[in-house]
Amino acid sequence: HLTVTEPVAILKASEVWGALRGLETFSQLVHEDDYGSFLVNESEIDDFPRFAHRGVLLDTSRHYLPLKSILENLDAMAFNKFNVLHWHIVDDQSFPYQSIYFPELSDKGAYSSNLIYTPTDVRLVIEYARLRGIRVIPEFDTPGHTQSWGKGQKDLLTPCYNGGQPTGSFGPVNPVWNTTYDFMTKFFKEISSVFPDEFIHLGGDEVDFSCWKSNPEVKEFMKKQGFGKDYAKLESYYVQNILDIVSSYNKGQMVWQEVFDHKAQLKPDTVVQVWMANNYARELSSVTGAGLTAVLSAPWYLDYISYGQDWKKYYSVEPLNFPGSEKQKKLVIGGEACLWGEFVDATNLTPRLWPRASAVGERLWSSSNVTNLQDAYNRLTNHRCRML
Amino acid sequence: AENEPSWETPCAELLVYVSTPGCDGFPSLDSKESYKLSVSKGSMLLSAETVWGALRGLETFSQLIGRDENGTYYINETEIVDFPRFPHRGLLLDTSRHYLPLRAILETLDVMAYNKFNVFHWHIVDDPSFPYESSTFPELSKQGAFNAMTHVYTASDVRTVIEHARLRGIRVIAEFDTPGHTLSWGPGAPGLLTPCYMGKAPSGAYGPINPIVNSTYQFVTSLFQEVSTVFPDFFLHLGGDEVDFTCWKSNPEIRAFMTEMGFGEDYKKLESFYIQRGAGNASVTALIPCPVFTCAPQLRPDTIIHVWKDNRMQYLKEMANVTRAGYRALLSAPWYLNRISYGQDWIEAYKVEPLRFEGSPEQKALVMGGEACMWGEYVDVTNLTPRLWPRGGAVAERLWSNETVRDVQDAYARLAEFRCTLLGRGVQAQPLYVGYCDHEFGGV
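Here the protein sequences line up with chains A and B, keeping their order.
So the first sequence is numbered by full-length UniProt numbering: it starts at 1 and just counts up by one.
So the second sequence is numbered by full-length UniProt numbering: it starts at 1 and just counts up by one.
Don't read these hints as lab results, they were simulated from the structure.
We put the CB at the ideal spot given by N, CA and C, even for glycine.
Check before you lean on any hint, since a few could be wrong.
Taking beta-carbon pairs under 10 Å as the criterion, some of the chain A residues facing chain B (in silico) [what the hints assert, rightly or not]:
no.: 1; residue: L20
no.: 2; residue: G22
no.: 3; residue: S61
no.: 4; residue: D92
no.: 5; residue: T347
no.: 6; residue: P351
no.: 7; residue: L380
Generate the whole structure from the sequences, applying the supplied hints.
Okay, structure coming up:
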């Protein structure tokens, strides 16, 4: 609650996080007149976010992002009242996270020895974010998207076969070996203590079954478990084990939508991130219909650049435009603007993300009736100059 | 042999030999940019006919130098004979839609030189703003710039750009686009633009330059006279694109003039009339974009036509038409780098073959080259460099290298490495795809 009158302006909030948001608003109310004097208009503001989860996803695997870049982005997020940094920290291409228990992961998996995040770096990001009211949710995506893990951890990934012989290449994490779960148990113990947020994102997207299908041990396992030819069942078997491991560390889990689509047994408070653009409204119905919470990203893949004012289409998204009851709609806790890193690194991250992400920021904070594009344009151009 | 330097002798000297001196001159369309580079035991020699060729050779030489794990610089024994396929290899920057600070222009010129671009097409003014400080008409920028104190190019700025370019063998071709794209000229030149009408009364809005009043031609002639003194290149780009006829049609005086001249309802004739009188008087040879060509067939024979309209490969037909009519041509249509899209769009730019149209060898010889364009609607100093590089490099190679150099895999490998080189030189060039460079950009 912000009151601006003479002689004193008062900002009241029940928690510091609200105060931070109010301070940002207050800073935006201050303007300069033609003589260089700073002014604030008399104001009375009662503000609160529409959605509680307002995130930005950064990908530090396809390209390493130096700390400076991440921190600058956290500042920009705070200017736009974003409150979650979804740190997609490792993936196929590189493993920059320096693990304490498994130092080989980054030793062998990072692009190079200096392109890593040390425990100190990670602590810095978390604290920098915290001071801005931003949660850091790390994503350690498995069983797919894990090529770089195999470099530093032997016998983690599934060896692919061709005509009875290993080809030398590897697929997703091997779901049939006990050692896999021993590793994950230890690994997620570390992650759970390094990252203070209640939630860890476990990934689970785009698992390619072909390598599993080629592997004789895996095929044998499928038979034993009675999964038939349905490898989605094997994926779910794997995911459920990981969910159990992470639960045992008292962490909540976020997963990509495939985990839900492939019918894994999720915990009731697992958050499903809806990312597939095709018919995402229907997916939101399904996820919330099953009583699970959802976070929307599908229409907000900001890495998909195109010519012109694409911020308008991000702004025009209405997250609750899907068939469902009031109760269901309450299960959509927010959304995330995703900036995947295939074509993004520190040279172009900031101009690519901002001010386009601001459109998402407003959609997630403001009331559903704040939709006028012309008005948004005027305010957004001002805000852009302010960010400069 | 006794006097033969040992292979371990560090190569400390590159001898540069230029047969025709000319360090004080300006590069031109006819400049010879060929060079020979010989690197062998104990001697490195760069020879060129002109300084411009030497500059190209020096850039190549700088790219040949590698560094081993011990940090030692080395260069392989090499024998290179090189020359450009096309003499006009340009880049367009737009400083009207957004002002670009001087340092952004100068840095762009540096990177152009790294890519062997040799023409800077400066689209300096347009509808949104007029940043060019004219000595003849100071009100133009006073009234027309975004901010007359901070968002202008003074005469000194312009001289700096021209000299910075010259030292890199880059020609600066200024574009003062008329009669359309001139809204920003209006405030500083009352009476220049056509008042639009709503029925019988002026609506308050303005359109293209008014082609029926003498004052227009006095003005345009004076301005172009100044511009041709300020910009030493033989060529001036006169624009002439996208002229919206609605305002002209709405104006009763213009309608009367159309009748008087027997133009009927063909406003293209009025546009031609303007071009002939406005451009014809400029003592420079004009580069004119294609639409003008279709409506002003009586252009001076040494006019160069700039083909920019890209409706699905139609541009090749246009190249055929232009060259068949005997005019020289420049290609930009498939190289609008401002049209961003997801993924490795540099590949499409690279695959363009400027001469893939139906025509005789004589026709094809009329293609002087092309230009990559970075229009400024969505571009300013915050995103110019990553948006321009390394994508611009694909166009640069297409214009310099032999037609047979087209393998995309090979180009990817070289362009990705070149991108890392650019980073090492402090250029904020964006990545082509996943990966890393030894010297990453620090961010911010």
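Status of the hints after comparison with the structure:
1. L20: Violated - the Cβ of L20/A stays beyond 10 Å from chain B, reaching only about 22 Å at its closest.
2. G22: violated, 27 Å
3. S61: Nearest chain B Cβ about 8 Å off; hint holds.
4. D92: holds, 9 Å
5. T347: holds, 5 Å
6. P351: holds, 4 Å
7. L380: Given a least distance of 14 Å, the restraint on L380/A is violated.
The structure is inconsistent with the numbered hints 1, 2, 7, although it conforms to all the rest.
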